[in-house]
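Asker: Next come the chains, spelled out residue by residue.
Protein chains: 2
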Amino acid sequence: MNEKEMTKTILAGREKIEDVYFVACGGSLVDLYPGYYFVRNESKTMHADWITSKEFVVTPPTHLGKTSLVFICSHGGNTTETVEAAHMARDLGAAVITMTHNPDSACNDDSMMPVIYDWSDHVSEKEKPQGIVLRVLNELMKAQEPDYIKYDAVKDGLEKADGIVRAAVAKVKNRTWLFAEKYYKEDFLYIMGSGASYAAAYGFAICSLQEMQWMDCCYLNSAEYFHGPFEVTDEEHLYILLMSRGRNRIMDERCLAFLEKYGKKYEVIDADELGLEMIDDSCVEYFNPMVFYAMSVAYRNALQDKRCHPTDMRRYMGVVEY
Amino acid sequence: MNEKEMTKTILAGREKIEDVYFVACGGSLVDLYPGYYFVRNESKTMHADWITSKEFVVTPPTHLGKTSLVFICSHGGNTTETVEAAHMARDLGAAVITMTHNPDSACNDDSMMPVIYDWSDHVSEKEKPQGIVLRVLNELMKAQEPDYIKYDAVKDGLEKADGIVRAAVAKVKNRTWLFAEKYYKEDFLYIMGSGASYAAAYGFAICSLQEMQWMDCCYLNSAEYFHGPFEVTDEEHLYILLMSRGRNRIMDERCLAFLEKYGKKYEVIDADELGLEMIDDSCVEYFNPMVFYAMSVAYRNALQDKRCHPTDMRRYMGVVEY
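The listed protein sequences derive, respectively, from chains D and Z. According to the numbering used here, numbering within the first sequence proceeds without interruption in unit steps and concludes at 487. According to the numbering used here, numbering within the second sequence proceeds without interruption in unit steps and concludes at 487.
So that you can see chain D by itself, here it is in the shape it has in the complex:
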């Protein structure tokens, strides 16, 4: 099914969707955040929430039901709590989209709306979870909200995103090596981002560094930095700052100004230098995270090589029972 057919299926037997839930764990949850942010800031008919799967299962939101759309994502497709969340939502009558990389998994189940995505290098951004979510939401907004005016801009952004991401990855390659060369022995760092890209900072921390490099770090919302966390800042602390393009940029800029004055070790990953100006200002906020995700991969790959720590090495995940 393409996104138009999915929208038809979503709206079949429903006057409209009133709630959109974004439910997954870890890196898959990260991929759903831009969609959540999009609904919260664009839709006049829908509400949105972004919830880790187990929490969704043990304390289900009161509005979950027939007028809900639930985006589910599980790369392997069998994450216990995510599958449980999907089944619960389905059984309560919600429209459930289950995105997975694994066709032989519980997520590929026609009682829901499965979308099997390919994760190979050649695959376009619009065919990966962030892109799939935006495509569906863009169609749903068009179908459900007559005064929605960003349809063409988002569609255009989806066409351009892959080229932007590929160019950005090529552009930063040397920069990531220099970063790794300089900082590979750091014990700890902070990663900051804002708006739709807050979860890009979160994912950079918990997936790329904590999980894949066993490196300690902490993620922060740029807007919160000045309300506590900045007190640790000095010339010894390392920061990575994801600077978005869009309305939320001023929150990141404030962090940068502070780091320039009181910090010494900080890496700025700036959407303004990474091709995002090609995307319309009205919707660029929702595209920053695709580029930042690719950046987290680029930096972690450089760290992997310098630290001789294979990104796929796990001591617990898939190795022991828990």
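Because the hints were derived from the structure by calculation, they are not lab data. Some hints could be false.
In the EDC-like style, the derived pairs of lysine to aspartate or glutamate whose C-alpha atoms are separated by at most 16 Å in a straight line are [unchecked claim]:
(1) Lys-291(D) with Asp-317(D)
(2) Lys-430(D) with Glu-401(D)
(3) Lys-347(D) with Glu-400(D)
(4) Lys-347(Z) with Asp-470(Z)
(5) Lys-350(Z) with Asp-352(D)
(6) Lys-209(D) with Asp-184(Z)
(7) Lys-347(Z) with Glu-401(Z)
(8) Lys-231(D) with Asp-256(D)
(9) Lys-209(D) with Glu-183(Z)
(10) Lys-350(D) with Asp-352(Z)
(11) Lys-426(D) with Glu-486(Z)
(12) Lys-209(Z) with Glu-183(D)
(13) Lys-426(Z) with Glu-486(D)
(14) Lys-209(Z) with Asp-184(D)
All values reported here derive from a predicted model rather than from experimental measurement.
Using the hints, position chain Z against chain D.
Answerer: Chain Z in isolation, oriented as in the chain D frame:
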């Protein structure tokens, strides 16, 4: 105004409240999380969102308007972005409750609904922000949702909370000294919590440790631990685990079982040992964070004494321009 009068004022000229926004920065934002969680999991007529002030201002939620209730909190009462958020919400027609400790601040403004709270040691929990929010929400639910059945249980919990918190603080005193004695030289730690107490872990990290002790740490949702962050766990890493009472407890228990097997240095702060069994099971989840907040203060005070780092010492906040 008491909470009944506030509820009348909130509903004056409105058929009902449809959206409740919880808006503040840092520690004040932390105090609003249990209310957000309460609405998300109890209300059938209202939606909720929890948003840091600047983000609320630069990307205002689409539903913000006449049928919204906005809880604002600013201890000093003049936090620029929080006051801006309050004014924006008021100007869009929302009912706005502005909680502050400072009667001479921009938050004490009769064009909104100001609540001046006292922060002294003798003040009851129900008179502090978390308690005020729960009191108002409990009345609002009673007024707006005829089938709301937790009114008496929440009211009873509000009466008991202060005694529970005081007893818990007395009980852990020696334990916090032992913790500080053992770990005061640690470079870094993780703090985990779940459900309504997720933000208690967040506040413990960004306020009590990063801001007040200049200690590096990272907060985690217990439910997310197994989807990345647990790969750093070993016998060298330090964890504080906030174990809630309520439906979300199973997420914390899973972390504990893992730490018992693969970790060595972890401090368990367990609601089950801290008097929370006195609160009705139907609503205890929303009361855990009051106790956990007091625990973060207790632990940071012990660290302050052992580390000789005054909790009120700041190098930036209120000291330099930013």
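Asker: Please go over all the hints and tell whether each is borne out by the structure.
Answerer: Hint by hint, here is what the structure shows:
no.	hint	in the structure
1	Lys-291(D) with Asp-317(D)	holds (15 Å)
2	Lys-430(D) with Glu-401(D)	holds (7 Å)
3	Lys-347(D) with Glu-400(D)	holds (14 Å)
4	Lys-347(Z) with Asp-470(Z)	holds (13 Å)
5	Lys-350(Z) with Asp-352(D)	holds (15 Å)
6	Lys-209(D) with Asp-184(Z)	holds (12 Å)
7	Lys-347(Z) with Glu-401(Z)	holds (13 Å)
8	Lys-231(D) with Asp-256(D)	holds (9 Å)
9	Lys-209(D) with Glu-183(Z)	holds (13 Å)
10	Lys-350(D) with Asp-352(Z)	holds (15 Å)
11	Lys-426(D) with Glu-486(Z)	holds (11 Å)
12	Lys-209(Z) with Glu-183(D)	holds (13 Å)
13	Lys-426(Z) with Glu-486(D)	holds (11 Å)
14	Lys-209(Z) with Asp-184(D)	holds (12 Å)
Hint check: no violations occur; every hint is consistent with the structure.
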